[in-house]
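If you're matching them up, the sequences are chains A and B in order. Under our numbering, the first residue of the first sequence is numbered 1, with each subsequent residue one higher. Under our numbering, the first residue of the second sequence is numbered 447, with each subsequent residue one higher.
No lab work stands behind these hints, which were simulated from the structure alone. Since the structure is predicted, the reported quantities are computational estimates derived from the model, not experimental observations. C-beta: ideal position from N, C-alpha, C; glycine also. Treat the hints with care, since some could be wrong.
To be verified - No farther apart than 30 Å at their CA atoms in a straight line, the calculated lysine-lysine pairs in the DSS-like style are these:
#	chain 1	residue 1	chain 2	residue 2
1	A	K434	B	K590
2	A	K68	A	K434
3	A	K204	B	K492
4	B	K517	A	K199
What the hints assert, rightly or not - Some chain B residues judged to face chain A by a derived CB distance under 7 Å, without partners named:
#	residue
5	A580
6	N581
7	A595
8	V597
9	F600
10	G689
11	P690
12	F706
13	Q708
14	S709
15	P710
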Amino acid sequence: MKRKIMAVMLVSAMTLSLTACGGKNGGGDGAGTNSEAVSTVAESVSGDKDTLKVWCWDPNFNIYAIEKAAELYSADYEGLNVEISEMPSADIETKLTTIVSSGDLSLLPDVFLMQDNSFQKYVQNYPDIFTDLTDSGIDFSQFAEAKAAYSTVDGRHMGIPFDNGAAINCMRTDILEQAGFTLDDFTDITWSDYMEKAKVIKEKTGLPILTVQAGAPDIIMMMMQSCGASLFNKDGSVNIEGNDILKQCMEIYSSMVKDGTILEVTDGDQYIASLNNGSVASTINGCWIMASVIAQENQSGNWGITNLPRLDGVADATNYSNNGGSSWVITSNCKNKDKVFDFFKNTFAGSTEFYDDIISKGALATWAPAGKSEAYAEKSEFFGGQEIYSMIVDFATKTPSNYTGPFYYDARDAVGIALSNVAQQGADPESEMKEAQSAVEFNMGN
Amino acid sequence: MKTGKKSMTLEKKKSLTGWGFLLPATLLICWMNFYPMIQAFILSLKSGMGVNLSFSGFSNYTRILSDSTFKQCLFNTIFYLIIQVPVMLVLALALASMLNNKDLRFKGVFRTAIFLPCATSLVSYSMIFRSMFANDGLVNTILKGFGIAPVGWFANAWTARLIIVLALIWRWTGYNMVFYLAGLQNIEYSVYEAARIDGAGPVQSFFKITVPLLKPTILMTTIMSTNGTLQLFDESMNLTSGGPGKSTMSLSHYIYSTSFVQSPRFGYAAAMSIIILVMVAVLAVIQMKVGDKR
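So here's chain B without its partners, still in its complex pose:
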């Protein structure tokens, strides 16, 4: 008995405990994430309507190539990605460094106020944005007050997309700001003090100290936001219902509508979601290659 105990070194014991703790989570992830993913892939190889599915090889993937709605939705989604993610992250970073100021009063109040949008439900904030930009909504009433003709925000493709981007920025900036704030806590204040003594202005210390030291956090938020935007659903569904036409519909919204609104084609929907998965993975790899130079 004693020899048996001895044969297991402390190191081994520790690593065994470690694996022991990891095991439940690993099993759960395999069961609840990877298993459905494999199932989705298998489903994407079948075609047909409703429950009448049969294997058809990669026909769903070739079908995507000739789907004009898919292209439109892909364009919309990439548009949101390119405009919204950089604007939001820059804004979040700027807000975080402002709120990190030691001498700022009511810091907690400001932080809470900026983070609060994240606590609202996606559906309810979408509804509120929709009513704000309605024909006789708040924004048009204000415009009228200034003598400007009211705008049909949701009737035009570009204004509708703009509203989605605005809504996304309002909802998610605070969320990313919190990560930056956390990252900023790890930067010694003395570094800034030293820089100031050496004559660096706030702009310089932002670009020379804050940004480089926050790089891992910035990388993480970029990947998360890219991922989130590619899977955008609630805003497209609730704020604009994809309209006018399909000009604001996101890919996930299109996937939903192929499954539940149009005549159901689960195989095709699964194929499209696999495409999104690939896109997310590729973009994340690129971002990691570009951003992480350790």
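Here chain A stands alone, though its shape is the one from the complex:
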């Protein structure tokens, strides 16, 4: 009897998996013929033309924004539907790579969202994916310059800047108070000052000032950008070995790890948890981190936002930087480009009404006119009554732009390894930087 049941189960499992395979195949074929039909008889199939296929991530943020944009656009202009496939940015990138390698560009959506740091790499390696937007009628001069630089290649605009990654120093004011500090003590300061104050906080409250994800050099990259420095020279060559600014950043980091003012955690979840469960006094990250901070509602009023510390003795050092952020791409497979251009022109690049709405989700504009709207002057109760939105837009406009290049992630990876060797094993920064330099050069060379 037992065996019979087993056999039935096995057979049904097999049939299920077989039909699943068949289903997938069928679906794939269907999609293929569909898009073919559209490209050949585009004029007659009006239903498909108004549906915009979009790939992006985060339902509370990006997905909400594009849906809202479509809703507003449909109300004021022609009808437009968006059909969203939710997928993390890493998956989008993997899919793009796979699609381009397969040579079947008809599998691309109409529009997708791309991390700013990946942008140059993809434009360089897979130019066929992108639609040049330079002459699309979208006014790129109204976007923050440092932001638009990510999606600009050789003076051509390949993407529409979207969310803001301006870096903020997000601090627990109640913990600062216990250590005898206020938010002002951390505003417009230098890193050496910051490190001293961090020690005091550690002494008085026992808490580290920062938690970071081990091996992820986000904070180093933010420190670098705050003075417009990059891991690459303008001509694209690697600038890691003998990069004094990078060395200074790595030394700050490792000395803070040593005295316990930076705590390294193993993954992203633990990093977020450390913010929410009060085991850290502050965090420095792109302003999108606010969404995770706000999630802990009972800490309302205990947080405050200020700018970053700046590096000592560096000529172009500022208190402003950037981490993350993304831009929209219109693919070469987009069926009705003129309409999509018009859509973006009248929403993401032309509607204060739109930006006023999505700010409720913490999605901050890089489109300058939006910052002047009244919604941005609203006070945030969670952040102790600060006018955080206009503040962050202000931070964004003051952020220096830096060169990322197609090898950004290769360089970032190498620096991450150097950093963990220096901070954890006490390795010599200069020789580690030399190692990182040769690792990146190896990746770039044939």
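Put chain B on the given structure of chain A with help from the hints.
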């Protein structure tokens, strides 16, 4: 008509049916395994980034020789292989012979419990191990309870590798045990009884009866585990993300990252996977030469 039927002997007919049954599988294997392998080999002769590929002979293979990351990943992978495979197989064999005991009660429960890890998804068990060994995870909490300072498991290369080995052992021991259990079913119980009457203890009968008679199964599991460990990916990717640095990254993980994380170099990635294929083949041949003395 009749003569035609007669001209085909029974033997021929049988072998024809046999080939008939083999044909679909053979075609599928050729199409889905060998064809991609040949394609991968051709790809490995091309170099360049993204879709801008051009033939460059064996330059990718010479490039491997000067790639320090490849050497590091090779070292990691071989380390996993040398430590994990023997420990796991010995453990699996010991468990199998214990659970093969006729007088043991709740045998089914134990067998299921030991096999169950194999039914968990690779990603989810990796996540669970990661959270167990996190700074404020289960293991460190227990250590703290005993008054021992918490360990930064993933911050040190050797402890991180140890966790990968531990995780692999937990996940795969039961899988191999099942093969041994199946093998043990073929050994007559009377052999053990005879040995016992002749005065052999359990240790002796394990080494003199179980191990020699299970040799083909042991050989098979060794080859399979070697193969599996050389292609290790999920644990490296999800459990440690290759860190700290690249000190726990496996070869397959490195191949993935050259294709999808770094600037894409498919030719180079393909060359590395061909190297793995060669390694697997060579090791399997050696193991077969050593283990199979029929």
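* Report the numbers of all earlier hints that the structure fails to satisfy, in ascending order. => 1, 2, 3, 4, 7, 8
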